[in-house]
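Q: Chain residues, written in single-letter form:
Protein chains: 2
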Amino acid sequence: MTTLIKDLPSHIGEEISIAGWMYNRRSSKKLHFLQLRDGSGTVQGVVVKSEANEETWSAAGEATMESSVRIGGEVRKDERSPTGVELAVTSVEILALAQEYPISKKEHGIDFLLDNRHLWLRSRKQCAVLRVRARLIKACRDFLDDAGFTLVDAPIFTPNACEGTTSLFETDYFGSKAYLTQSGQLYMEAAAMALGRVYCFGPTFRAEKSKTRRHLTEFWMIEPEVAFNDWKDNMDLQERFMRAIVGRVLEECAEDLKVLERDLAPLEAISSPFPRITYTDAVATLKEKGQEIEWGDDFGAEHETVLSEVHGKPVFVHHYPAKVKAFYMKPDPDNEELALCNDLLAPEGYGEIIGAGQRMDDLDMLLAKIEEHGLPIEPFQWFLDLRRYGTVPHSGFGMGIERAVAWVCGLKHVRECIPFPRTMYRNTP
Amino acid sequence: MTTLIKDLPSHIGEEISIAGWMYNRRSSKKLHFLQLRDGSGTVQGVVVKSEANEETWSAAGEATMESSVRIGGEVRKDERSPTGVELAVTSVEILALAQEYPISKKEHGIDFLLDNRHLWLRSRKQCAVLRVRARLIKACRDFLDDAGFTLVDAPIFTPNACEGTTSLFETDYFGSKAYLTQSGQLYMEAAAMALGRVYCFGPTFRAEKSKTRRHLTEFWMIEPEVAFNDWKDNMDLQERFMRAIVGRVLEECAEDLKVLERDLAPLEAISSPFPRITYTDAVATLKEKGQEIEWGDDFGAEHETVLSEVHGKPVFVHHYPAKVKAFYMKPDPDNEELALCNDLLAPEGYGEIIGAGQRMDDLDMLLAKIEEHGLPIEPFQWFLDLRRYGTVPHSGFGMGIERAVAWVCGLKHVRECIPFPRTMYRNTP
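As you go down the protein sequences, you meet chains A and B in turn. Per my numbering: the first sequence = residues 3 to 431. Per my numbering: the second sequence = residues 3 to 431.
Isolated chain A, as found in the complex:
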């Protein structure tokens, strides 16, 4: 019988066996302190020379870092341990002696670590990030499922390069061309007309030559879409969503966030209302802060950073100029130069983590927009059908998971927020 390390606190006083890996060791003439991990947690095992048989003592001394081991011992209360227990080791079996492990305590360059991503994953911090990612994803799904949404997976292969091919990955599809999706939104609009409240959640792709800390060529995005929601309902939904997912990570990942040395105050600040400012006011603020920007310009990363530092909590910026947003955004009926859309900027300089908007639901306006943008009509016929057959106001948003994880974990670069990152220069391991 193998016991998981995370379950040890409920076995105090018992003789148990764990199976895992040697994470580290400190030894003296009389003692070995073994740091053991099994994926569920870590525990310190103590081997006392005067109490151990010869086999156990020497195996404990021989096991190299990352060797796989089976360890028997008694679970003891230990106040100094973060988990409250340690293991009084009575047996050590080396399952496989590891070769000299390439990742050590010393600092490694990021390229070296990414080349060894398959091993780097084993380190404490990386495990913590992966667990936060998994919990955050679950929180997203649970929130929407509980709110009556239906998951509708959007296709990855899309037939048309509707908005140009420059940032699309292309593949031969049995003699014709197919492209990898950049967003499931158009498909979610169709699904919302069937099921009312829907979302997709899958990988999306951008062949952008971006080398910033916010870009991956392959990233995961969650995209809810709701029939009959207008742009204000949409912001309300985003706010409830963010509060729920960050709240749940705070609740469930306290230990991981501690490993990551995350300051919790900025995360806890999400419990109060998010400021909502117009693009126009945001431009004024940026100018006050000495930023170079003119009304009508799209925000750059630097602008978002500045704005997101002003409020100390996530902030909605809405009513962007229509011309800096996608053609399918609904214009404000009171001022058609503005779009009924919003971004949500994370605080602490993290910038945009959500892009959102009410969609253009009028057939003739949408047709005019497609023409105005010089796009071909034919590939959009199915999308236009949604306006021919019972069109309704509808809105939705997209949140990139890696950016959300980066913010929640307090990591500067999104490349650590996905198990196997893909960037312009990296497609391995």
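Hint data in this document are derived by calculation from the structure and do not stem from the laboratory.
Where chains are identical, the list cannot tell them apart; a pair therefore holds if satisfied intra-copy or between any two copies.
Taking lysine-lysine and the DSS-like style, the derived pairs with C-alpha atoms no more than 30 Å apart in a straight line are:
#, residue 1, residue 2
1, K140, K127
2, K8, K234
3, K211, K179
4, K291, K325
5, K234, K291
6, K179, K213
7, K140, K8
8, K51, K79
9, K107, K79
Could you slot chain B onto chain A? The hints should help.
A: For chain B alone, kept in the frame of chain A given last:
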């Protein structure tokens, strides 16, 4: 205030307003019976000429199929209705009059329906399938999350065409080549050494020229991997998993399964143990049943169909000949011609829904296998590292979601089991 149709039973006697679409209408001189849907459910609305004002009566008569409408009325108990309520309509507002809807009650060919997949999704049966799919996916994730697994998303872009390029989709990746993943397994093996129990769940791709009812070029697969599990633990896990997910769909999707006219008996049969037979015994059974097969042949769809009809419940077939399985399967130490692997065949002729196995954990054996298969070593170095640094016995499996949904829903073809199917001949809408 808009009320969701699914919530109407808790508003009996109240005046409410719903927003949705006209699904159907029957009319006489004195009455309109409106079938209304809003994505959360359907309800019948009754307009009585003698009680309605002129506007309401005529709007109810004018609203074409799939027009979007806002309907006001009183919720009334109705024993004949499947939901127990109907709506005594007092107001009808047509939000957008639909053009003549292309999908009618009459039979349509499958190509027509798939060309109009964006509209076909709105029909009762398709909504039911999508809901079952969403619930089944949630059941899979919840089962694993509750069992201490961590979700670790595998990459979609993979650098190497390790096992040949014939069934791989290829893309230009900033001047080099990348391929779309066929399985996250190898990555899950790395992650299992970090986190113990892991799974990935994402789209996978096969550029196979298969036109069978079981094949899609893009399909979703869930792949758990567990450190320290052997092939028997692995079957136990699969059995608990299948029982949990089918059980939950039975519990939560009763109404949808009724819409699909699904015979529940074969699904309920999963509560008893699954038979476990060897490949060798399976071949004998097939021969008895008059099938053409020799020991050493891989099973075809026909063989799986025959086998899966024998037991009336899912059946494990294990110990396949090593040479028909992937190179990384662990051979049986008692007979190296056999692999410590299994498939799980769904009953009622549905065939394989799970492929599983214990992985080869010995460095030298794995090196020899890679050489034997004429594969290049270099791209596998990271995978070999998992055997260099603390290798342990480990096992896992992969379940294709669309095949599982097809079985649970009793559908013959997987193309209805994914929102926007991609097949050899279809990449639209």
